[in-house]
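Participant: Sequence:
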Amino acid sequence: MRDLFLSPLVQVVLLGIAGIIAWHLQGRNRATARLVTQIAFFSAMTAILVVNDIAPTQYEPIRSVEGYLLVTAKLLWWVHLAWATIGFVRIYVVLDGRPREARMLQDLIVAAVYLGVALSALAYVFGIAIGTLVATSGIIAIILGLALQSTLNDLFSGLALTLGRPYGIGDWILLSDGTEGRVMENTWRSTHILTSTNNIVVLPNSYLAKIGLTNVSRPDEAHQVMLPLRIRPTHSPRFVLEAVRKAMIASNRAHHGHPPVVALKRMDALALDIELLFHVASHSERTAARNEIADLVYRQCKAIGIALALPDTATVLLDGAAAGPPAPQTVEDLLQSSPVFEHLEKTGIEKIARGANLRCFEADDLLPPDGSPTLMIIRSGAAVGLQGETEELRLGSGDLVGNLGDADEALTFKALTGLEVFEIDGQALETAFRDLPALRTELSHHLTGVPHPMKMESRPEHGAKSPSAFLRTIQHRFRRR
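The opening position of the sequence shown corresponds to residue 193 in this note's numbering, with each subsequent residue numbered one higher.
Hint data in this document are derived by calculation from the structure and do not stem from the laboratory. Just so you know, not all the hints are guaranteed correct.
Each computed SDA-like pair below joins lysine to any residue, with the alpha-carbon atoms no more than 20 Å apart [as the list claims (entries may be wrong)]: (1) 457 / 408; (2) 457 / 469; (3) 494 / 550; (4) 494 / 402; (5) 494 / 525; (6) 606 / 554; (7) 543 / 626; (8) 402 / 381; (9) 538 / 427; (10) 494 / 474; (11) 543 / 619; (12) 538 / 622; (13) 543 / 620; (14) 457 / 476; (15) 494 / 522; (16) 402 / 377; (17) 494 / 450; (18) 494 / 465; (19) 402 / 366; (20) 402 / 345; (21) 494 / 429; (22) 402 / 457; (23) 606 / 538; (24) 402 / 347.
Beta-carbon label-pair distances, calculated as ranges [as the list claims (entries may be wrong)]: (25) 376 / 351: 30 to 38 Å; (26) 294 / 556: 51 to 59 Å; (27) 369 / 331: 53 to 61 Å; (28) 318 / 202: 19 to 27 Å; (29) 328 / 206: 33 to 41 Å; (30) 228 / 258: 53 to 61 Å.
None of the values given here were measured: they were computed from a predicted structure. Glycine included, C-beta positions come from ideal geometry on N, C-alpha and C.
Could you put together the complete structure from these sequences and hints?
Facilitator: Shown next, in the form of structure tokens:
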């Protein structure tokens, strides 16, 4: 029995079994300790085989019981060689900041290690001619490759996309064929995209690997939007570009971390072709921002007498299209277009308009500069409403700004650009309040910081004035004037 335990083959087998037990007892969370232990067992097994002139890389046929021990010892040696190699791979094959790709690369190397060890064991332990096996497997692989060509193409394309990472889950991508949407799932064979119409589009990875794509979400969600515009050349290009730029600054939907740009692309006797370039915080804001910018530009142009031009493909000239520039909007026009005064009779609007005066402000001026109670309607330019130091909303042509003194919840307004406003007389407004009591409520909503479209409605803070108190303030302040 003692001679049996002194046999080098028995020692190798016992070390191999002990190494397997130690491998499983240490667990996956102790990768370094597992690797050190595995190297120790593998080195001890290799030393015993080398000292006793036993070559694990040479096949020896089984002739006795000792032959079975030799097969077992060699097989365990190859297993421990594979595990030691895999331990190195798991610890030292890393990609900084890309754990998913590193794990995939490790898995590929581990698969290659297991395949190589399996073929080596077949050749050197069991004496199987792997040359014939590989040749036969090659023929089978060719047949399977031809049969599964499309699937394999998608598989390897998916691997390339995963390692290259041109996009990730949650990114919004735009393909060169016009397809766009948010990446919802990425499998080995296909990528699932949620479009703006709330449909899932499944695209093969081989198709995505060939087609050009734009990742709108990188480096961040903010991206540029372009809106074309044609203006009749009734004013100088500088005047038109500055007017349009002021209108864009008044947008609440645009991302003002990137200043809006107005680019003159072409000019002829019929029109100025302009591109409005602005940024949005995310793709979901694109349509709303385009609509708001279009509305602001239209109101600004109408207020100062800038006319839109016909499309360059138009073949019929409309009545008045070739006439001179339209007249700038009067205070009556602005009041009639304001939703606050839409229910007021024409005579009431005329009374308010008779007491309105045109005033001009420079950028960064407070509205009004002396802080006195007043109400103004913007003719051209852009302003901002502030609650303390926080920007609450931006305003453009046709919007109301004002200061009612001791109304705590009222906003402070400041000019963002050169500004033209009509200042409304307090006595005329008080008369309008008597004719239409609901006008007070409408006006209070516009001057007490009602959330603009970009913000959700919030509850009033403790201690804030009630609407009735604010309306009384409006009445009191204008009566004092």
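Participant: Within 19 to 27 Å or not, the Cβ separation of residue 318 and residue 202?
Facilitator: At 21 Å between Cβs, range holds.
Participant: Taken at face value, is the distance from the CA of residue 554 to the CA of residue 606 at most 20 Å?
Facilitator: Measuring from Cα to Cα gives roughly 10 Å; hence the hint holds.
Participant: Mind checking the alpha carbons of residue 543 and residue 619 for me, to see if they're no more than 20 Å apart?
Facilitator: holds (10 Å)
Participant: With the threshold set at 20 Å, check whether the alpha-carbon distance from residue 538 to residue 427 stays at or below it.
Facilitator: violated (32 Å)
Participant: Checking one constraint from the list: CA of residue 543 to CA of residue 620, max 20 Å. Satisfied?
Facilitator: holds (6 Å)
Participant: Is the hinted range of 53 to 61 Å satisfied by the C-beta distance from residue 369 to residue 331?
Facilitator: For residue 369 and residue 331 the Cβ distance comes to about 39 Å; the hint is violated.
Participant: Assess, step by step, whether the Cα of residue 494 is no farther than 20 Å from the Cα of residue 522, and give holds or violated.
Facilitator: holds (10 Å)
Participant: Do the alpha carbons of residue 494 and residue 474 lie within 20 Å of each other, as the hint requires?
Facilitator: Distance ~30 Å between residue 494 and residue 474 Cα, so the pair is violated.
Participant: With a cut-off of 20 Å on the C-alpha distance, tell me whether residue 494 and residue 450 pass.
Facilitator: violated (26 Å)
Participant: Taking 33 to 41 Å as the hint, is the beta-carbon distance of residue 328 and residue 206 inside that range?
Facilitator: holds (37 Å)
Participant: Regarding the pair residue 402 and residue 377, is the alpha-carbon distance no greater than 20 Å?
Facilitator: holds (19 Å)
Participant: Verify the proposed pairing of residue 494 with residue 402, using a straight-line Cα cut of 20 Å.
Facilitator: violated (48 Å)
When each numbered hint is compared with the structure, violations occur for hints 1, 4, 9, 10, 14, 17, 22, 23, 25, 27 and 30.
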